[in-house]
Amino acid sequence: MADAQGLPGMDRRTIYEKSCCGRRAYSLPATDVPEVPLDDLVPAGLRRQAPPRLPEMSEVDVVRHFTGLSTLNFGVDSGSYPLGSCTMKYNPRLNETTAQLEGFAGLHPYQPESLAQGAVELMWELGEWLAEIAGLARTTLQPAAGAHGELAGLLIIRAHHLAQGREPKRVIIPDTAHGTNPASVVMAGFTPAPVRSDARGGVDLEHLREVLAGGDIAGLMLTNPNTLGVFDENIVEIARLVHEAGGLLYYDGANSNAVLGISRPGDMGFDIVHFNTHKTFSTPHGGGGPGAGPIVVSAELAAYLPVPLVERAEDGRFFLDYDRPQSIGKMRTFYGNVGVLVRAHTYIRGLGPDGLRRVSETAVLNANYVMESLRGVLDVPYERRCMHEFVASATPLKEHGVRALDVAKRLLDYGVHPPTTYFPLIVDEALMVEPTETESREDLDRMVDVFRRIVQEAHDDPQKLLDAPVTMPVRRLDEAEAARHPVLRQRFPEDEEAGAC
Amino acid sequence: MADAQGLPGMDRRTIYEKSCCGRRAYSLPATDVPEVPLDDLVPAGLRRQAPPRLPEMSEVDVVRHFTGLSTLNFGVDSGSYPLGSCTMKYNPRLNETTAQLEGFAGLHPYQPESLAQGAVELMWELGEWLAEIAGLARTTLQPAAGAHGELAGLLIIRAHHLAQGREPKRVIIPDTAHGTNPASVVMAGFTPAPVRSDARGGVDLEHLREVLAGGDIAGLMLTNPNTLGVFDENIVEIARLVHEAGGLLYYDGANSNAVLGISRPGDMGFDIVHFNTHKTFSTPHGGGGPGAGPIVVSAELAAYLPVPLVERAEDGRFFLDYDRPQSIGKMRTFYGNVGVLVRAHTYIRGLGPDGLRRVSETAVLNANYVMESLRGVLDVPYERRCMHEFVASATPLKEHGVRALDVAKRLLDYGVHPPTTYFPLIVDEALMVEPTETESREDLDRMVDVFRRIVQEAHDDPQKLLDAPVTMPVRRLDEAEAARHPVLRQRFPEDEEAGAC
Amino acid sequence: MPQAATDYVPHSDADMRTMLAVVKATSVEELFADIPEDVRRREPLALPPGLSELEVLDELRRLAAANTPASALVSFLGAGIYDHYVPAIVDTIVGRGEFLTAYTPYQPERSQGVLQSIFEFQTAICELTGMDVSNASMYDGGTALAEASVLAGSHTRRGKVVLSAGVHPEYRQVLVTETAGYGPRPQVVDLQAGAATDLAALARVVGDDTAAVVVQQPNFFGALEDVAAAAQIAHAAGALLVVVADPVSLGLLEAPGRLGADVVIGEAQSLGNAMSFGGPGLGFMAVAKPLMRRIPGRLVGQTVDLEGKRGFVLTLQTREQHIRREKATSNICSNHALNALAALVHLSWLGREGLAELGLLCTRRAAYLRARLLELPGVTAYTEGPVFREFAVRLPLPAAQLVEALVPQGFLAGVPAGRFAGQFAGPAAAGLDDVLLIAVTEKRSRAQLDAFVAAVAAEVDHG
Amino acid sequence: MPQAATDYVPHSDADMRTMLAVVKATSVEELFADIPEDVRRREPLALPPGLSELEVLDELRRLAAANTPASALVSFLGAGIYDHYVPAIVDTIVGRGEFLTAYTPYQPERSQGVLQSIFEFQTAICELTGMDVSNASMYDGGTALAEASVLAGSHTRRGKVVLSAGVHPEYRQVLVTETAGYGPRPQVVDLQAGAATDLAALARVVGDDTAAVVVQQPNFFGALEDVAAAAQIAHAAGALLVVVADPVSLGLLEAPGRLGADVVIGEAQSLGNAMSFGGPGLGFMAVAKPLMRRIPGRLVGQTVDLEGKRGFVLTLQTREQHIRREKATSNICSNHALNALAALVHLSWLGREGLAELGLLCTRRAAYLRARLLELPGVTAYTEGPVFREFAVRLPLPAAQLVEALVPQGFLAGVPAGRFAGQFAGPAAAGLDDVLLIAVTEKRSRAQLDAFVAAVAAEVDHG
Ligand SMILES: Cc1ncc(COP(=O)(O)O)c(C=O)c1O
Ligand SMILES: Cc1ncc(COP(=O)(O)O)c(C=O)c1O
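If you're matching them up, the sequences are chains A, B, C and D in order.
Per our numbering, the first sequence starts with residue 1, numbered consecutively.
Per our numbering, the second sequence starts with residue 1, numbered consecutively.
Per our numbering, the third sequence starts with residue 1, numbered consecutively.
Per our numbering, the fourth sequence starts with residue 1, numbered consecutively.
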């Protein structure tokens, strides 16, 4: 038995370790049709020999197990979550209410369209809104996430070139880009062509010209503001250069929270945009997903959008259009993460144009506020205003033997979720801070205060950081060990030696 | 700023202390009717001078505040909760789903009955079921809780006697009774006549005869099994004696979880029964309520039930019957805690007769299992089988300077909610343990193990108990101080001295 | 063996055997040996057989579908239960297992969540009402009134309570029923034409036998009472003033505490709680400091732990039945704590400005609707003077008939006052069958009000 | 100023001023100075104006009410999305803010909740499929298939993937679309009459250019495939066997891992997740040990903290894009973790016995319905042999016509196979317009099945 520890979630057995022979939570209707012998239904040869070892628990055990686990987790509902590039803003509960309305949640994708007019209308409307926000023409809601939107967009770029009898291979990607960009480029059959950033954090125009000169340009992918949190002032020139080289411009909209109603990617010269609804439009991230990554394209590219496309007929009816000969095909089974899209629709409908603008204004103000307050505390490599996020560097702390990761772990002890630390790669010991617009001044002040304290600790007593966290359910975890000897699933006693549960 | 402490809920400021001028979470429709000057609507003299100082917060602040608070709380969902007499069994989530169906939750009490047939049917059906479970004739669902059912029942006893031209004053109550029993007796205009318990924990028949001999007997209130967890074997005789004396028998059904489908109060000789749905029928207790305390009465007493009574017409329609001239009147506004009753209905409908019986069988087995396992560890005053709960005594620990309350506080450190300690009054240093039927054997074993450990600690290191709890968000709280200098509401700075928020 | 009914018992057959062995029994039967044979039940209860979870849900959905809830119609029903908008965060918070499935916080060190929330609720009620001390909740408005009457009786040691007929008729009925054997005897003072309390008549019946005077603000017909005048009458006679208040109105209307109330009670369902056919709602009670030790129910107080850290506990429990038994101020034990939490969350969402905004919006829309209705031929004012969100009109046809007639068009026109006819006398009681009580919450848009006026107009023309 | 639109920004005007002062700006405008004037937007976006929370809810309720969800009818729709009963506890758990509003668990010490739940999910998927390694989820069945194909291509360095036409036609379309520029080229093998894969034809096209063979079990028309035979064909040619599996079937049907599968993928919406018009569902992928370092997406592994206490972390991240960028096994970043949690809760509720029970009940009822339908004149078997919970029949009238005809009676008769006509060839493709795909979950009682048979009989008679 464990030592005295009164809080729940401290029983760290897995659900399989809590399982007990013969327990059950389920109930199912009694068999009301003739009890044909099982062999007559499904021949023994097709049937399972050994049952899957699912946990055997009573209902209260299941509830307690997951209630306990939840208390070991941290969400936006728990506190500030300034995870750069992830836009961990408040997820309105209204979104959950609307997504759970049976009229949406209970829809089968193959029920007659006439019985799903409300859902198709919602999708159509959301598509129109996203097009307006992007400053482009047509939307597909199919992609399940940002990375999936990237793939869809790149396949459209591919289709566009093929339609013109070309098959260029290179897609330009700045060194600040998120890892999904190069990975998507490869999956779409292209090769990434890296371009450097300049001293202000934007695309190095010189280098861009060089890369373009290499020819075979399919397009460029850019996040603007980029993952350093800076807006590329040369965007119009960049677009011109890429277009001149025959390439298309893809806007990774992960950072859209900075520019809603303020600057539209279409107006900047982009041809394709994806949005991460789970960042920009407040749909919850659920510990990893589901999100949605709708993409919007220019009128010229609309023909290539995946089927079905959501359409509105002359008579006002809404329908799914499969009759699109130039379409790249289908990006996913069915039509998209509709449950997520309902949330995004709810959010945009509530905020309206003024509310969306206020989102970006506040997100940018909050980031600048934290950045300015941290100048002198941490290194802030780019001496300019940031947009909705900024990257600080823990390099000065290295002399104390302390790294960004240690700062992150110590933040946990103070109840603040750490910023992103694994990228952008071009900043040493990066701490990418994105407060989002839903954090109050007090919370930002507290965050700054905690950073200050930790930096002070790094000077006075660096071991405190190296030992951190000390107030979490576990101390620092050995990730190297996990990778060296991967244990990716529960091992059962009988796997090692025979024996009952 | 607080010291390093990473878990939420540790910011113990109240919501008023977190409030910030000008923040808001709310949104409301824009005024769409003429903006008549306020003075023309409500004269200044009737209007509020100073606004109520409600908290000013953003929505995420509100969510975080209460999410944090919740983590400081303990429910059945958090772990074992063997609070004697409270029947803290698992509260099925299905109950919540059904109670929230808009067809129930959205009903207005004064909407035409024709538009609420489903709700009235549900109430009628539940009434029938409770009557069957009680072994009596007619039910009212109006009482909001057990104590309220007691009052209703006592008023019916009063009406019954008045109808016979009598006005007896004394209601007999055993010394083991819950405090609501004597309090209700007083509120109904009676005076409590205490009766002692015998050595086996039941009503002392000798003493009962004496009390009855005093005359002026309106009735007797009894919990059976009583709060010692023992079933009164003399119940038939008791009922006979009381009836002979002209009294009626009221069954405090708080302990019904022991006898569902096994023994019915009506069959025992009781005339009136209340159920606590929030004990016996799994409706959640919500940190104090709401519950429901329906009462069931014999056919002779049905005429006195409060109005409206739920009725089914010849044609199958359901209606609320107000035309009951002998009724005691109305026990509450509207018809009862319908939202709670939906949950109780759901529970009974799912379990059926076999399931209910299994509830009691298991509740009793669990209690005996824990009691037997604790013999030798704690004092168990009554050497007999218990029903769904039992009372242990911490008297042997007194020699170490340790009391039942200290054991309770130490249990907190081990993640087990303590048993009831404030009653029954007739057992010294009582620990009233009611495991309930939804606790698994492992959980009971763990509970026993924790008790053992604590008793061991009491011997080895009693200070550990006196210092407990040490793992809670607060150490032991000073209840005497709270009563001496009551601070029952937030004080605002400007209450002490003038100043803005 | 398939599991064809819901069953929350965890034990396997093997568990049962092991456990029986420990308790030295050979069967579960044996455990019940103390129950005399003649009161043992051998046949199964005559209840429908158990069902699996999905079948139970189906059955409850069937029953729910047999209702047409007011919330799904354009409803003007009020009279004590209001269809205000409950923000989405409320259910999330009250649905958290740590709140939902907790008992009364007897172990404060492990119950700081609910204790602090009650402390915050008490504060909110004090702020709204302008009183010093609020309890942790009551069952509902009616029972809170009965408790207030008992409190006044024991405080003043007087035997009569004088109630305005403007107090909700069902509250008055509950008072009569519950205090039949105990507490002061009620006496009702009629309303005058225009639906406000006849204060002159009130003054006449209040005397040195009067424990309390009770008025409701706004009153049952929506009229705004002169609370200060009622306070004067009560206090002049040494009686307490009890005010039945509508918490939603208290962002706009003066706090009863500022007008002389000694006790404020009411129903706060409209804050954060579903209508739910009238229950569970949320009774509340707040009192002036001198009555602190007489208030029924739970009270949470602030204290410190042994390290001096702030914490909250149940306090002044010597008022309560579980400690004081027959000497308690009341028998109330379980209350409506979760409903109180819902109200607190709703109030926190509204905040200081939001509650006033909400009141203003309702008032404006109610005033607009009233004016439009009074333009219709044969529709006249029943409630006169200013109103908050509810008012009554006299129709040229029976109110119940109008309600029935408009249901097919999706309207619930209001509560027919005739339903409460037996509870009124005097000038205001005449022709109640034609009187309709109409409530307008923030959910009712102008478009709906206009459509409703048109629908009423059509019926009035018919009639 | 009233707050007439939802707004989750906390700042008061005073806050804004203070903060602007700190950042040394006189207006928010100034902060955007880096954005060139010609790409600044000065007019407001052309979107409908914001609404208050209650108005938004009204509007969304209007849209929801414009649908008649399958869940509210007696539905026999399947074909990849199933209306299984989701136990009530699922929404409670996935709705807890700590799960719902968390990001990917990059900070393991503060994310043990979701990490452990994923570890448990991975275990459940491994147990169901009989595989060694499962990832933390994929978007859906179709994208999981595309990923499996890419995996097989890079593992075998071969350029072709052979798919049974029994694989869901939309999955096949997704595969074609997503791998257009990358990964092996697909080739489809037709079904034979009776709807099972033509294994002889399969054997003919599989060769040493084949990276993988893909079969679905049960297949799109509900036929049970000979997975072991497909494995033999694949392995004989040095190809991998990819099985598209229905997780609900795996309490009853043999685990693909035991039959030779190297990769098992599929859609697990039917565990714990609403149908939601087809998304978000839950893609999954499990592989045999040797493919561990090729699997796309997140993996959670067990490790210890510096005190030796067990904990869980994201691991083998060098497969992933956020570390390895263009060298990653996939571009997937966000996945469907919350849906995976829902599935895990549902599976924990069902447990070892429950899943088998569930499968058996569906199978029995499906077999009963099939037998009854096949008794009707003109109704013949399309799917032959044993089935699990879904099967296809050939009708004497167009299937879409039957579906339309039965809607007014409250039935959704099934999915007309004609909808996918373009995706089939060979003997099974003939006359698809008359073929109806019928799924029977545990929600369909015998009474409903009987009523449905009667309704179909009436239409068949007409036709
Ligand atoms: C800049 C950027 N691009 C793309 C992505 C990928 O988005 P998703 O996780 O929705 O696939 C992310 C997500 O973190 C991102 O930050
Ligand atoms: C034996 C007994 N009787 C009566 C009651 C009062 O019930 P309620 O809290 O529902 O008013 C209780 C509650 O604890 C009790 O245990």
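Hints were generated in silico from the structure; no laboratory data involved.
None of the values given here were measured: they were computed from a predicted structure.
C-beta: ideal position from N, C-alpha, C; glycine also.
Errors might be hidden in some of the hints.
[To be verified] Here are some, though not all, of the chain D residues that point toward chain C, as calculated from beta-carbon distances under 8 Å: (1) M16; (2) R17; (3) E53; (4) Y85; (5) A88; (6) T92; (7) E384; (8) G385; (9) A447.
[Said to hold, decoys possible] Here are the computed lysine-lysine pairs in the BS3-like style, where the Cα-Cα straight-line distance is at most 25 Å: (10) K398/B to K464/B; (11) K169/A to K327/D; (12) K464/A to K327/D; (13) K327/C to K169/B; (14) K309/C to K464/B.
[What the hints assert, rightly or not] Sample of chain A residues lacking proximity to chain C, with all beta carbon distances greater than 12 Å (derived): (15) S27; (16) S58; (17) E59; (18) D77; (19) E96; (20) H161; (21) E167; (22) D198; (23) A213; (24) A302; (25) E314; (26) D315; (27) A480.
* Structure-inconsistent hints, enumerated in ascending order -> 1, 2, 7, 8, 9, 12, 15, 16, 17, 18 and 19
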